[in-house]
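Colleague: One-letter residues, chain by chain:
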Amino acid sequence: MDLFLQQTVNAFALGGTYALLALGLAMVFSTMGLINFAHGELMTIAGYILMACGLAGVPFAFSILLAIAAAVLAAIVMERIAFRPVRNASGATMLVTSFAVSMILQVLFQNFISARSQAVLVPEILSESVRFGGLVIGVNKIAAIVTTIVMLIFLDRFMKHHRIGIAMRAAAEDFSVARLMGIRANTVIAGAFALSGFLAGVAAVLWVSQRASVDPLMGFTPVLKAFIAAILGGLGSLRGAVAGGFLLGFIEIYLAAYLPSGMQEFRDPIALCLVVLVLIFRPNGLIPSPALKAEKV
Amino acid sequence: MSALLTVQSLQVQYGAVNAVRGIDLEVREGEIIALLGANGAGKSSTLNALVGLAPASAGKITFKGQDVTGSAPERFASLGMTLSPEGRRVFGTLSVQENLLMGAYSMRDKGEIKTAWERVFDLFPILRERREQFAGTLSGGQQQMLAVGRALMSNPRLLLLDEPSLGLAPKIVEQVFELISVLRKQGVTLMVVEQNVSMALEIADRGYVMASGRIAASGTAAELRNSDTLQAAYLGAD
Ligand SMILES: Nc1ncnc2c1ncn2[C@@H]1O[C@H](COP(=O)(O)OP(=O)(O)OP(=O)(O)O)[C@@H](O)[C@H]1O
Ligand SMILES: [Mg+2]
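Protein sequences appear in the order of chains A and B. The first sequence begins at 1 in the working numbering and counts up by one. The second sequence begins at 1001 in the working numbering and counts up by one.
Wrong hints could be hidden among the right ones.
Stated by the list, open to error - Which chain A residues stay away from chain B? Per the calculated CB distances, all over 12 angstroms, these:
(1) VAL9
(2) GLY33
(3) LEU55
(4) VAL77
(5) PHE99
(6) PRO123
(7) PHE220
(8) ALA256
(9) PRO260
(10) PRO269
(11) LEU286
Unchecked claim - Here are the simulated distance ranges between beta carbons:
(12) A:ALA92 to B:GLN1195: 32 to 40 angstroms
(13) B:GLY1140 to A:PRO59: 54 to 62 angstroms
(14) A:ILE76 to B:GLN1231: 33 to 41 angstroms
(15) B:GLN1231 to A:HIS161: 52 to 60 angstroms
(16) A:PHE281 to B:GLY1087: 53 to 61 angstroms
(17) B:SER1139 to A:HIS161: 23 to 31 angstroms
(18) A:ILE153 to B:SER1139: 33 to 41 angstroms
(19) B:GLU1118 to A:PHE112: 57 to 65 angstroms
(20) B:SER1139 to A:VAL136: 55 to 63 angstroms
(21) B:GLU1132 to A:THR8: 29 to 37 angstroms
(22) A:ALA92 to B:THR1137: 31 to 39 angstroms
(23) A:PRO59 to B:ASP1122: 33 to 41 angstroms
Hints were generated in silico from the structure; no laboratory data involved. Cβ atoms here follow ideal geometry from the backbone N, Cα and C, with glycine treated the same way.
Isolated chain B, as found in the complex (with noise of 0.2 angstroms):
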């Protein structure tokens, strides 16, 4: 299969601080990625960087087969890549429907939105019953559906999620991870940052492991799951 998302050579900075030392990752259409590593590692700053919200200082990032380096963080969503940021951060005093409203942002056909609507609607039946509440009151765990939920509004290919079960009760942990796979089957294409180490690789096809802001390990996840080095990446590294 042909690679959707190539990562070359990628780096991200903060003033002085290295957060991303140059990594090389691809994602091909259909697949889910874990992206894993201990905390401070650098997978956020990597899927930030993928649209656009962190600054990649050097490499390159090639989706669909276009060069999207550099690009600003409103083009992504058209382009067919969002990102479900770390801590959820829906809009709280928005309401659930006018978060999923937002989602569908970069979509003019009201058809199409109608769809993207239902189907999110569809996933997650107890964001339809409360669409008329404010996010900021909603549970964590509905939070998250609808974090996710707005990141589906705009039909992407390949939906970035950095660490979707923070925080949540197990019971939530385990609809996520499902959620995670039925998505995959109606052809999202799913890179997935995880603290679930266990859990993340039981779904994945394949992994990378991020220590210090560099791939310390990346195989198929059955690699991984009897790997040294992710052993040694959560525990050495750091």
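Pulled out of the complex, with its shape left as it was, chain A reads as follows (with noise of 0.2 angstroms):
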């Protein structure tokens, strides 16, 4: 039981993480309708940044502020010079630029910085943990936990009061529609990049805290896991992002946790399995996007 409990405390670190990056993705896929593959180069921005401010001694809670912050300009400045010239272009090309724009940043990443993965420094108390009657649950765990909720109702209510927010839910809706009524294209779509942004940098900060490196891929295998769960939950809903990256984390986990050490090698092509299942049950997601039902009516 407790070591079932102390999973489903990692699931629910792990699938925050996922969440906040899956979210990332479908606010700029449902605006704009790009998978942004430099999702996860947003990410190692505010990894590297982490590392340059521990290098030069710049205390940890400032320098959680100037990496999200970082990470914000960069997905701002990516869509200015990157995407807004193919902002009408088809899907595909759309699809290329980001992996173009992926890849030039981890070369860059690999020549200026380092190919070789770089030590963050990160605050002794993260790798402490605490003790919960039976369960011992890592410090950097629970700052996951609380922060994942924390960003999730702050999204929630930016999205449902703030005018930016609707007209972000608006412009997902139906674009067209909602520039008639002045909602300009670009305010819509910088939004969305800089919350976009505003997330990666958040879970980069997590999952730096956790791992204390930064390398020049490390946005690849979260950001991988994220277009999973943005798929899972229904491309372009942010619900259902959030739900997905959930859903995935708790997979994951327990996978880890519960199948048999013969078995632990497969264990992502069976977690891959079961996320084709959901998909054949539920062929748009567990909450399918607002547009996509538009466009069925």
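Combine both chains into one complex, guided by the hints.
Modeller: Take a look at the structure:
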């Protein structure tokens, strides 16, 4: 039972990070139809800022802010330079563009920083753990869960009550009509990128806090997982992205915990089979996006 | 009266399809204009081109004396020309209230928004009742009211309505036409695309009949009611 609870906490921590990343992907996809493969590089940028701040002796709390700000800025710049020119191009063109951005950034990291993994100075407290009855929970896990919850509440409020948030939802459902209302395409898309950068920055801080290192490909795996989560939840659906992120986190952690040791090497294929199974029964994901529904009616 | 909107030699092309092949239109302050024509005649393309949603490949659009050809769609709400598009297209996952709020997106002044709000709720009391409800859960007629209400939130001088009575029960259709007259009394100029030709010509001052992307006939509502071209445009062209 204790093991189960322990793993559940782990699943929430991992699933929460996937959820934040998937949410960022979903925001950009729902407003622009772009699957941003360079999302992972936003994470990596935030990771390198944490590393640099650690080396420069900047207090950790402050480096977190700088890392997140860097990810937001990078997302906005990315949109402005790389994605705005192909905004009305086909989905394939945008996809290839995002691949290119991702590759270019990876090569830049490899050549100008290092191809190898770099240590990041993380406060001691994050690697300590707290006892709750029979449970031993890492402080970093608690931080991840609390941060995820806070972020989800913040985003939910923003999308419900802020006029730009409402405009983003409107645009995700019907972009042309949203523009007719005077909602500027640039505002909505730049807003979606800024938020996705924010989420990637936060996810990067959580990710690095658990691993204390950063490398040029750091963002690749978590963002790949976040893609799977976003599709699992229903591509373009914000609630779906969160649901998919948590579900994938749970699948991975429980498989790691309960699969017999001889089968552990098949963990990822089994997880993906489960994902495919869900998609067979719900081809549009757990919570399909509203734009998809609008097209069908 | 002066021309509020002037359209000269407007053409709309989608790739190889010539949807609108050079039309001239004029809408004067305070008028109700009916834009008629068979399916595929190019009516929606015309309205969409007026607000920048469809690409105008040639021609000139002048609104309130300003050349607005090729302007982005987001500019028109604040200029005072709004389109309530074909098929209603309310934001189904937003509440009634949020839909209306989006309609007022171009306005900054809180007092102005409040006035617009009250006006829409006075016109459509049912929307006030359902303000918290998701727009997607409204009936077709209510969605149409919401679509018009949303377009009215920006206080347009010229309101373009694309088939506001499409798919509605006859009683609701009557309400829609009544609404158009009420709006005119409130000082809104209207251009209405309608399938319901006789009803449209009853409330309109003037009309244009499109066939295969061209204006096949135009004139006062009375003239059009008696004209053969009108029948020809519907029966002959497509
Ligand atoms: N987005 C588009 N891409 C390509 N062709 C289009 C597009 N929209 C309209 N068309 C074509 O342009 C022509 C005019 O269409 P339009 O929708 O303007 O007609 P309409 O008069 O509004 O018809 P309806 O009464 O059916 O609404 C049609 O042949 C239509 O198939
Ligand atoms: Mg039409």
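Colleague: Indicate, hint by hint, whether the structure satisfies it.
Modeller: Hint-by-hint comparison with the structure:
no.	hint	verdict
1	VAL9	33 angstroms, holds
2	GLY33	17 angstroms, holds
3	LEU55	45 angstroms, holds
4	VAL77	23 angstroms, holds
5	PHE99	28 angstroms, holds
6	PRO123	42 angstroms, holds
7	PHE220	33 angstroms, holds
8	ALA256	36 angstroms, holds
9	PRO260	44 angstroms, holds
10	PRO269	36 angstroms, holds
11	LEU286	16 angstroms, holds
12	A:ALA92 to B:GLN1195: 32 to 40 angstroms	38 angstroms, holds
13	B:GLY1140 to A:PRO59: 54 to 62 angstroms	59 angstroms, holds
14	A:ILE76 to B:GLN1231: 33 to 41 angstroms	58 angstroms, violated
15	B:GLN1231 to A:HIS161: 52 to 60 angstroms	54 angstroms, holds
16	A:PHE281 to B:GLY1087: 53 to 61 angstroms	31 angstroms, violated
17	B:SER1139 to A:HIS161: 23 to 31 angstroms	27 angstroms, holds
18	A:ILE153 to B:SER1139: 33 to 41 angstroms	34 angstroms, holds
19	B:GLU1118 to A:PHE112: 57 to 65 angstroms	60 angstroms, holds
20	B:SER1139 to A:VAL136: 55 to 63 angstroms	57 angstroms, holds
21	B:GLU1132 to A:THR8: 29 to 37 angstroms	36 angstroms, holds
22	A:ALA92 to B:THR1137: 31 to 39 angstroms	36 angstroms, holds
23	A:PRO59 to B:ASP1122: 33 to 41 angstroms	58 angstroms, violated
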